Amino acid sequence: MERKRSTRRHRRYRRPWLKKCREFFRQFIAFLFSNVGIIGLVVGYTIAGSFIFMTIEGKHIPKMKLEVRNNRSLYATRLWNITMKLNSQVMNKEEYMKTMAEELFKYQQVIVNFTRRGYDGTDDDYSAQWSFAGAFLYSLTVITTIGYGNIFPHTPVGKITTIVYAIIGMPLFLLYLSNIGDIMARSFKWVYANCCLCRWCPGVARRRALRKVRREQKLGMDSESGSDGSRGSSEASSESVEINIPIELPGVRDSLGSEALTAYSDEAYENVSVPVTICLAIMVGYICGGALLFCKWEEHWSFLDASYFCFISLSTIGFGDLVPGDKIYGRGTDFYKDVLEVSFVFCSIYLMLGMALIAMCFNLMQEEVIHKIRTTIDTIKYILGCNR
Amino acid sequence: MSRYRTETENLDYEKTSACTNFLHYSWKTITCLFSHITLVSMVVSYCVLGAFTFEALEVNNEKQVKRGIPRIRENVTQHLWNFTQELNALEEANFTRGAKRYLRSFENALLDAMTKDGWDGIEDEHKVQWTLTGSLFYSIIVITTIGYGHIAPKTTWGKVVTIFYAILGIPLMLLCLSNIGDIMATSFRFLYWRVCCYVCTKKPKKMKRSKSVRSGIRSDGSKFSRSRNASVRRSVRTSTKSADSGFAFSDIGPASHSDTELRYDDHPNRGVSLPRTRSYNKSQRASGNATPRKISQVNHSTPNHVYPQRGYSLDRKRATKDVEIELDPISLDNSSILCNRYVIGKNDGFAKKIPGKGITLRQQEIQNRANSMPADRRAKSMPRTPNYLEPPRISSPDEEEEVEKRGSRRSRSPMRKHKLPNRPSPSPRMMTPLGYGYKSKYLDDSDSDQDYDYYEDSYETGRTRIKPVPIWLCVFLVVGYILAGAYLFKTWENWEYLDAAYFCFITLTTIGFGDLVPAKGVSQDGYYATISIALCSLYLLFGISLLAMSFNLVQEEVISNVKSVAKTLGIIKSESDDEDDDG
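Quick mapping for you: the protein sequence lines, in order, are chains U and F. Heads up: the first sequence at position 120 corresponds to 120 in full-length UniProt numbering, and the numbers run straight through without jumps. Heads up: the second sequence at position 7 corresponds to 7 in full-length UniProt numbering, and the numbers run straight through without jumps.
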């Protein structure tokens with residue numbers, strides 16, 4: 001929007017540049033929202049977000065760490081005082097243990113409170129949570145609505161920024177999902193059509209197309225002959241009807257024009273319906289593959305833990321009870337090392353790609369499932385209608 | 001479930017033959033309500049089932065973790081004692097240094113217990129998180145994909161069950177929420193136009209002539225598209241009526257037919273977008289575009305198919321025809337405007353095909369548009385013919401003309417494919433609240449016709465036509481809901497106002513960080529926690545369906561707005577989602 005406004009401003013002052021500017025901005029925006037640009041846009045938005053959150057939230061945690069440290073020395077001196085007090089009398093183990101335990105219980109509650117407020121247990125001054133990698137993953141979890149919650153904003157400014165950031169970012173990510181999911185769905189269909197159904201061999205394709213056209217014709221005859229249940233079957237095949245009808249009707253007159261056929265096989269891959277099982281297999285495979293890599297990276301994770309993490313992430317539930325550890329949320333002080341950390345990059349890519357993949361699979365499955373449900377219902381209707 | 005519904009429908013068939021329309025529609029309402037209630041109760045029972053399962057799976061583990069905490073403390077105390085004994089001379093600096101080290105390790109142990117084992121910070125074994133209410137809340141959190149993570153399964157079986165529970169539950173929840181959102185959208189729109197804008201939707205004189213019984217529901221569409229509504233409504237009404245009175249069997253009359261088909265037709269476009277399909281169908285999703293076509297179809301099919309077969313007297317037939325012809329120019333006018341407004345660039349050919357507003361061109365235009373109707377819809381109308389006991393239409397000369405035209409269109413289509421930016425239309429957005437709006441139509445589709453017959457007749461036909469409720473109202477509604485929720489939680493949980501608003505936002509967008517969770521750590525009083533959790537779940541369930549509703553309401557208008565913006569920017573249909581979802 002801002003760019004649009006700026007073009008307008010340009011228009012007012014610099015007449016001769018008007019066309020050039022407009023053309024340039026138009027192309028730029030068109031590129032940004034194109035398939036390639038959207039990836040860059042999302043990544044850029046996330047990076048911008050990570051810098052924003054780094055600056056906003058970076059200061060908060062050290063203060064809390066200071067508090068924790070002060071608290072610790074306070075309790076250490078208290079323990080010392082108790083020891084001294086008890087030492088003045090005869091040192092009694094039971095009594096000592098009892099008072100110590102009481103004191104430790106108090107300390108425990110303090111620590112619990114700190115943890116609830118976001119203390120992560122690290123002791124150095126450097127705000128490890130809001131390192132670049134951490135902030136990047138935070139931004140990513142916000143716009144994908146995963147929301148692990150292992151790091152979250154503490155300052156009021158950070159909270160407001162998060163809200164605004166999410167309002168802009170989520171539609172952007174949805175756009176990314178739909179774009180990429182669509183591309184993937186189409187290319188997957190193409191691959192499926194060409195490889196698995198052997199559309200490349202011309203003979204097979206032709207035969208298949210012929211068969212299909214014939215089936216359509218027969219179906220048309222059926223429906224014209226006027227049985228009540230024909231509606232269901234015609235709807236079941238309606239997915240392909242829109243392509244086939246233009247062929248079918250000429251076919252009625254000049255007995256399957258070859259022109260129509262070639263056109264048909266040209267467009268055919270658009271209409272291939274990928275079986276649900278393949279989609280499911282892809283999703284399961286993706287989750288398992290990710291799980292294998294993650295359980296290699298994280299020492300304490302079993303395979304189940306890792307696949308649980310992948311599922312929870314990709315379904316955007318995002319509990320945050322299992323979060324990739326230090327290696328990914330780079331705890332180092334070296335900024336560039338963080339950025340170039342392989343596992344961190346991999347994790348982000350895994351999330352972004354995985355959600356697009358799942359969108360694709362749902363994309364492919366939806367049609368299938370809906371058709372199946374409709375056919376089933378129609379069949380049931382038909383059967384009951386007959387029995388009645 | 002569907003079997004049962006079908007049976008009731010069958011009963012319905014028999015009744016309608018004898019009874020009035022009123023009974024028929026009231027019965028439909030009941031079945032429709034019943035199906036919604038079934039869905040909701042399914043979700044509720046699924047949640048309860050989940051609650052029992054997770055409680056059984058997790059509660060023992062949690063108790064064990066709680067039992068472990070005192071042991072950790074004991075350990076530290078022991079260490080401290082040993083440390084004190086080892087020190088030869090008690091010296092403050094030495095002692096505090098050592099004590100700090102032990103305290104530090106104690107801290108780490110506690111942190112581990114809290115983050116890895118899910119300890120909630122309370123040692124009392126009777127106050128567990130995985131109570132029945134807690135587990136219920138957990139189930140809701142899972143299937144709405146919010147995922148706070150304040151309680152999470154720690155046992156192996158808990159994790160496995162969670163995965164499968166989510167796989168089944170998320171689609172179910174989506175279905176339920178989108179249905180609720182749909183109902184809410186319909187009723188909200190009805191309320192808005194009925195109550196708030198009663199003044200500006202007074203009927204013009206022309207409409208009073210029609211004496212329609214059910215005019216109230218849809219005719220109050222808007223001042224903008226009133227005439228269109230009128231014509232559609234009337235033709236729909238007449239056709240339904242004729243169907244009802246004509247054949248006892250054709251309960252699903254032509255009106256509902258055309259509607260189901262239309263909505264069904266939408267769906268290949270919306271699902272996997274096929275670029276060449278689009279060059280045919282030209283974005284039926286664009287609201288304005290779908291409308292004129294629908295009109296044309298109804299107008300076209302009604303006189304041609306239905307009336308000649310009915311045993312009506314001639315004058316009546318003529319009368320209805322007259323009404324339609326009289327209304328046609330208006331609808332055509334509107335449609336051409338709409339075409340220009342919404343669909344330019346997408347289908348120039350289509351827009352050009354409707355040349356003007358001349359009354360003499362009317363018939364030709366109808367013809368044109370009938371031809372330019374997407375092929376698949378045409379295809380659908382052929383299987384439909386047997387219902388009206390008509391001879392097959394293929395042999396008619398006018399059909400052949402159509403075929404030729406279609407052929408030419410077809411040959412043209414690849415060219416257009418190259419011309420158009422090959423940009424995919426938005427595909428389904430799953431698992432986001434913002435996706436519910438889109439989702440809803442799918443899910444409606446997936447259900448049988450019967451559930452929605454009533455809606456189709458009375459509401460849903462009007463839906464796409466009625467000018468949507470203004471965007472600002474929906475935004476205002478959502479913002480108001482968030483602020484109200486913030487106030488509620490502020491008083492209930494003693495949070496700050498900003499915190500509460502932030503919590504509401506994070507919850508409703510299903511991000512769900514879990515840094516602020518109701519009844520977490522405030523006091524584990526059973527009664528209080530239960531009330532708080534119940535309040536929160538009600539709030540979020542209603543809120544998500546409210547989001548779905550407002551998205552449902554504004555999506556068409558926003559899409560068209562964005563499209564026009566994109567048009568002025570030179571990119572068409574690219575950033576549609578971008579602002580779409582802001583609503």
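These are calculated hints, taken from the structure and not from any lab test. Only a predicted model underlies this, so the values are computations on that prediction, with no experimental measurement involved. Here a beta-carbon is modelled for each residue, glycine too, at the ideal position from N, C-alpha and C. Mixed in with the good hints, there may be bad ones.
In silico DSSO-like cross-links for lysine-lysine, where the CA-CA straight-line distance does not exceed 27 Å [stated by the list, open to error]:
#, chain 1, residue 1, chain 2, residue 2
1, U, K296, F, K116
2, F, K100, F, K154
3, U, K106, F, K567
4, F, K100, U, K63
A short, non-exhaustive set of chain U residues, derived as facing chain F with CB atoms under 10 Å [to be verified]:
#, residue
5, R72
6, I167
7, Y286
8, C288
9, V323
Outcome of the hint check:
1. U/K296 - F/K116: holds (19 Å)
2. F/K100 - F/K154: violated (31 Å)
3. U/K106 - F/K567: violated (65 Å)
4. F/K100 - U/K63: Holds, because 19 Å separates the two Cα atoms, which is no more than 27 Å.
5. R72: U/R72 check passes; min Cβ-Cβ to chain F is 5 Å, inside 10 Å.
6. I167: At 7 Å from the nearest chain F Cβ, U/I167 passes the 10 Å test, so the hint holds.
7. Y286: violated (14 Å)
8. C288: violated (12 Å)
9. V323: holds (9 Å)
Comparing the model with each earlier hint shows violations of hints 2, 3, 7, 8; every other hint is respected.
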